[in-house]
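Residue numbers (the numbering used here), protein chains in the order written: chain A, 3 to 220; chain B, 1159 to 1398; chain C, 109 to 318.
Hints are not guaranteed to be accurate.
[Said to hold, decoys possible] Output of the computed footprint for chain A on chain B, the stretches with three or more beta carbons under 8 Å from beta carbons of chain A:
1) 1272-1283
2) 1286-1300
3) 1326-1332
These aren't lab readings, by the way, just hints derived from the structure by calculation.
A quick note: this is a predicted structure, and the numbers were derived from the prediction, not measured.
Beta carbons are placed, not taken as given, at the ideal position from N, Cα and C, and that holds for glycine.
Chain by chain, the residues:
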Amino acid sequence: MIALLMRDLRLATRAGGGFGLGLAFFLIVCTLVPFGVGPQAEMLSRIAPGILWIGALLACLLSLDRLFALDFEDGSLDLLATAPLPLEGGVAVKAAAHWIATGLPLVVAAPLFGMLLHLPSQAVPYLLISLLIGTPALSMLGAFGAAITVGLRRGGLLLSLLVLPLYVPTLLFGAEAVRRGAAGMDAITPLVFQAAITLLTLALIPFAAAAALRINLR
Amino acid sequence: MSIWEYANPVKFMRSSGAVLPWVVAGAAACTVGGLIWGFLTPPDYKQGASVKIMFLHVPAAMMAINCWFMMLVASLIWIIRRHHVSALAAKAAAPIGAVMTLIALVTGAAWGQPTWGTWWEWDPRLTSFLVLFLFYLGYIALWEAVENPDSAADLTGVLCLVGSVFAVLSRYAVNFWNQGLHQGASLSVASGERMSAIYRYPLYLCMAGFFLMFLALLLIRTRTEIRIRRTAALQAREAR
Amino acid sequence: MSLLAVHDLAVARGGMRTVEGVSFALDAGQALILRGPNGIGKTTLLRTVAGLQPAVSGRIEAAPDAIAYAAHADGLKTALTVTENLRFWAQVFGRTEITPAIEAMNLRDLTQRPAGTLSAGQKRRLGLARLLVTGRPVWVLDEPTVSLDADSVALFATVVRAHLGQGGAALMATHIDLGLPEAEVLDLTPLRASTASKDVKPAGFNEAFA
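Construct all of the structure, not just a fragment, from the sequences and the given hints.
Okay, structure coming up:
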């Protein structure tokens, strides 16, 4: 399993791996929003929690459609499915690699981009914590969507349609936590709910995604 | 004789063909009767004539949710027992459910405008219906996208299971996010006195009508799907 | 006890039976070559044996974790070097030693090259070297010698022979002569699933229906 994790991370950082693309996309979203809504600081600081969360979510989604598709095309997935490693474990590891390569940089960069959007400073810890709790669920749910659409032509668009509704609870609690943090209110409750959803996702989705992969390999 | 015998396509075609005319007739009678009865009810003292949208809105909303539930059960039957009719019934139900959701949303908007003064509000119930609509769209799109019918049935089945979990999560998550304008459940055992009998009985009739209408559409669409699959099988056999 | 035994196997592609009534057994040291025209279901049969898809009917008996499968696609990452590719697969299969595989497939001069820069034949050799690092006794190979030159085919034959000599077995599908005259050949042509035998009585409808 560690071998698979290391391979995926190595691939992500090699040429053509797309490492950092998600981050760049996140930056662009955060840059474009002020062009769309105007530069007033109070307006931006009010919508910053939502924009940051949606930007992170879209950046995460962007890199998902290749998660299994590359392995599917070059035959690695067939070989992984016949390997001693259970496919559920393979799915979990690949989602983890995706999170380390895409989700974690977003978490680290988010406070910086929060400054661009005038995010109130008391909200920054909540932004960090909610992204840290929430992005693993985004990667895992995305892995599920990628597993379902792996054999399809034009899978990318369908992937978004399938995965985005699944992101609703995570996004909702995440952005709510940051909003409450910004307003100086108690943000523990949404964070706890978000953590519960992430744990549920991590526990259940590998099985669903592995089932979908097996169906697609037939 | 077990209920699973109806999972045999031949038997299903025979029995569904026999009951279909009765279901269609019942659906037409109940829906038309209920809607006319509902239209003739006196205007509400607070909401005026706009309350009559209820006779479309409530049954459609009810069927929108029940249809997803039916798809969930059908998907489980397919995944566990591999009955093709079950998978095709789930496939056939999805567009009906999507349309029911759309009716509930549109009539809700038309009702909300005079009552709340807005077409749309990010209220938990409205929002969760919109999310439900998105789930329906994704489900239908996945059926369309996968070429191998058995794989499509399996994948949509898995999606339906996961989607159900997250639809329920979203439903309660949005409660947390916004308390909302929407009134509570229109009908419930505990609050039978909340709606006067003048409205209640035509509403029951409309609900029965929508349920039968769903059943009739479901049977017709499932029969069509079975015929399509059979035609494809025959063509494939001819071609070799 | 044979390494792999197949009894009365039928497989389907796209919901249509392609070949049925396939039975064979592979003992240690045996190689079996499947032949037959395009579309008869050689690849489907191999994927079924490898456990990637369910059989329509029949039984497959093999020890758990006995089969190494190699298909048209080699499962190589173009951005990784030859060594990295091999080491990854060795680790997935719980092994560490990759040098013998590199030696056997004559890849020593290429170890530091990214797999993306290899020629088609070199990639194929790397894909076959992957089989060696799995350490599994039963090789299930789909067109193993596609894009190999004569020398490499001979090399491949040597490697397969060595594998058989160590108590392994190989099941291969190919149109090309593999240079393995000792291998048995199973022609699938007479086993093509017949349309006439398909029963249309209600009990069989679920399957006829697909």
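Status of the hints after comparison with the structure:
1. 1272-1283: violated (count 0)
2. 1286-1300: Coverage by chain A holds here, the residue count being 7 at a Cβ distance below 8 Å.
3. 1326-1332: This one holds; 4 residues, not fewer than the three required, reach chain A with a Cβ under 8 Å.
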